[in-house]
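Protein chains in written order, with this note's numbering: chain G, 1 to 125; chain W, 1 to 371; chain X, 1 to 474.
Derived from the structure by calculation, the hints contain no laboratory data. It is possible that some hints are incorrect.
[To be verified] Some chain G residues well away from chain X (every beta-carbon gap over 10 Å; in silico):
hint	residue
1	ASP20
2	ASN35
3	MET60
4	ASN61
5	LEU116
6	ARG118
7	ARG121
[Claimed, not checked] Label-pair distances were calculated between CB atoms; the ranges are:
hint	chain 1	residue 1	chain 2	residue 2	range
8	G	VAL103	W	LEU48	32 to 42 Å
9	X	PHE392	W	GLN88	33 to 43 Å
10	W	ALA23	G	THR87	34 to 44 Å
11	X	ASP192	W	SER171	49 to 59 Å
[What the hints assert, rightly or not] Partner residues aside, some chain G positions facing chain W, computed with beta carbon under 10 Å:
hint	residue
12	MET14
13	ARG17
14	ARG79
15	MET112
16	GLU114
Since this is a predicted model, take the numbers as computed values, not measurements. Glycine included, every Cβ here is placed at the ideal spot set by N, Cα and C.
Residue-level listing of the chains:
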Amino acid sequence: MAAKDILIVEDEKMTARLLDYRLKSLGHSVTHIANGVEALEHIHKKLPDVVILDVMLPGMNGFEILENLNEMKDVDLSRLKVIMLTTKNRPDDISRGFNLGAVEYVSKPFKMEEFLLRLNRLISD
Amino acid sequence: MTQPLHNWDVVLLTAILSLLIAATLLTILVTLLTRWRIDYVERRKRVLRESIGDLIIQYTSGDLERGEVEEHLTEKIDYIVLLELVNQLEQSLEGAERKRLQELMEVQSTFDHFLNRFETGTPIEKAKACLYYARIRKIDPNHLPVLKALTRSPEPYLCYSAASALMVHGSLALKRDAFATILQNPSISSMAVTDLIVNFTRFGGEYHDAEATILTEFIQKESISAERRSLLIYSLEQLGYIQAMETLYRYYRQLDKQQAPPDLLEALIRVLARFGMAEILPDLYRFFSNSPHAILREAAADAYGLLKAPESIPHLHWLINDPDFHVRHQAALSLATFPGEDLDRVPSLMLDPDEWEELKDEVQPQTKSSP
Amino acid sequence: MIFEQLPTLLIWINILIILYFLYVNGTYITLILLSYRQVRQSRKKENLYQLSGLFNTNLYRSATILAPAYNEELSVVASTRALLNLDYPDYEVIVVNDGSKDQTLERLIRAFRLREVDRHIPALIPSKPIRRIFGSEKYPNLLVVDKENGGKADALNAGINVSRKDLIFSVDADSLLESDALKKMLLAFTEDDRTIAVGGVVRVANGCTFRHGAVENVYVPGSWLTRNQAVEYLRSFLFGRIGWDYLDSLLIISGAFGVFDRQAVIDVGGYMRDTVGEDMELVVRLHRYHLEKNIPYRIRFLPEPVCWTEIPEQIGSLARQRNRWQRGLADTLYRHRTMLLNPKYGRLGMLAMPFFLLVELLSPVIEIAGFLFTIVAFASGAINWTVFLLFFAVTLLLGSLMSILSILLEELTMKRYERIRDILTLVLYAFIENFGYRQLHLWWRFKGIVDHLRGIKKWGNMTRTATFGGKTRS
């Protein structure tokens, strides 16, 4: 399986570090940004293959980021795969995210195994 | 006449001045030294935090074995940082990783550290140790009576922490006693009490019958304040303990509706209504549509909306003209949930017509969109 | 004969002045030392609450952030956006457009896609009429209230009426909250049910760098005027207040950063409209109401939550600000003068209010008078150069020592300044403050008192407003 360029947008440091570690050990190239505005700048500069986007972020939240991505001309959301990290028991968040162009979601707390499976499925499509 | 005074002045002032100069120089020196020391300590702390974080991540991912971890943790490590970082990560994970995080917390050196604090620490340290105990899976049974004694501590945070630990490890009887102690301690905040209720029920049996029974027992104990008992009643609702409703209703029935504390009655009315106990309606009509307490009239309006008995409609019409804003608002909301009820046909004799228009506008689209 | 007595008289007056200085500085030093204890304790406890599950339940008290806006078309959208993204589970933002004459409302409507909504507002606190209320589907926790102009206090009262949450959080338009500020303020309410008001730390934003709405580097500001203020903020607005909190007699919570129990504010009648210092007046009234009715309560100041605010860079704006503060202080102390030295009001009446009266309020008068007396005494030969200079040096050093102690405490407890050279700058300004800034400040405050007294004369017999309104007022 090809190595992908993954961007993690998550403000909880430990969660981000764990994801970073696991994804890197699978051979992917990983960047981790804690803040929405910075993440958008990064995407603008270099388009990643996958974005793991936490919905609850300080400053600009995940949905606003998705909206901004939709408005960015050089971003094709059918190719840039966005996985949302949502909080449990918030079905509205999930549908909202899908409506805004996300292709997959994982709700916290999640099983790492399951997360990796979903990610793999996305990448190999 | 003035000369001797001058000499005194000079001496005194010079003395004070020298003292001040010394104090000032000392303070400046200490400030600079502190800054250097703090820089050093902060840097070390940051490095430590990084390395503990790495340790946690590697262990969780299965890249480190327990033995290796134990080696690393025998160095001087900040166990509070370990707990804090594990805490953060635990909230995002479940399954295999979560199990491993749990194991990490129970590594021998961490355990020993907190054991030591539990036995010989200051109250705050003891409290932290108790909270640690509440997070791990097994503790020394000899500590249970100690924890019980700590729930009577004069420090509220220590009572709370010890009680938290007992909610995880204590027998049902111990949990019950700890709970009773906490409920009767007024210096523990409501949020802490509610937190304990959640923990009390989280670690119980499958159908939670025992817990429900204990909670209802406390609700009926007059030695506990009405405010606390209301909290318990609302918690029963939040937890969905249907099995407690019969007992609750029986308790409600035998209360003197005009003398019982309003807080308590309010909680009972709202919760019983939420569980569909239409048996309370006659009392509501008789005592509460006209109660001198606004909160009870409001609770009655809420209950009428929930129980949807047609006989309640004239009562709601009455309450829409209530002198208290919140009662009117609740009455309008409740009335709007009755299918087929048209708010425009409600006699609003006492209300200001503008206000009534506003109220109707607000309430009606709201309920039109709900299923 | 009087002329013979004059030298002795003047000497005695000078002794009184010395005693006054000892009172002022002694109290300040005590407050500073007490606050050190307080911060240490609170640090240890904070750690405790982080570990416990207290923040994991869904039982946060809900909050409304109230942001009154008047003619702020340039900054209102940005400040509102910043408020919408705080780390707190259940809160709403209510922006109150106080009859702005510019495009404030229009910009809000466009930026947040506002639509008019129906909401029935109880008149729990009287306020100028509300014209319309706006909500946003995109931002469900934002409400904008459009009302007739009535001033900041009136706007706040209207916002309180509209709010249906437990807590009211009053903020200033030009302040930046740290994202966990609200959560940290909640700690006081969590710890003790009786808490009705909490104040947090207001720090100087000038000179710091900010990135994406959060502070990145904390530096000392650049100009003489702002550096002096930076030292002052550490001394009076940080450690002074923590000290009073320790003594359970906090008189002021900054309007830029305060959380109040909504019902408590309604019970005392909301913010007072015809006063300049409405934030301080509310706090004193909250104390008074609960003490008179014997209702257990607590009003706290927490050193952890931080709000960054722009301080005036121009002398003119600073002068106006301090003038206004002084008038507000005078007004509040006068309205509640029955509390002064009245044992019924506990430590507040016996310790804090006299201090605020004699020191915060009247020190300009006393110091200027003292200065004049000293000159007269000096000119009439009653005291000589040595004594005069020594005395001057003592007062100078005492004042500087207090500031330096505050800087030391800042290092020991908050550790926000990153560069050693910034600490040294602050230490330097602890001395420099006495040559120019202090005198200017004295003058502005003196003018403030004069303006306040003139204000009273101008309006003659003002109607005595009821001290507590409450729901019974129609």
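Check your understanding: Going through the earlier hints one by one, which of them does the structure break, listed in rising order?
Key -> 2, 3, 4, 9, 10, 11, 14
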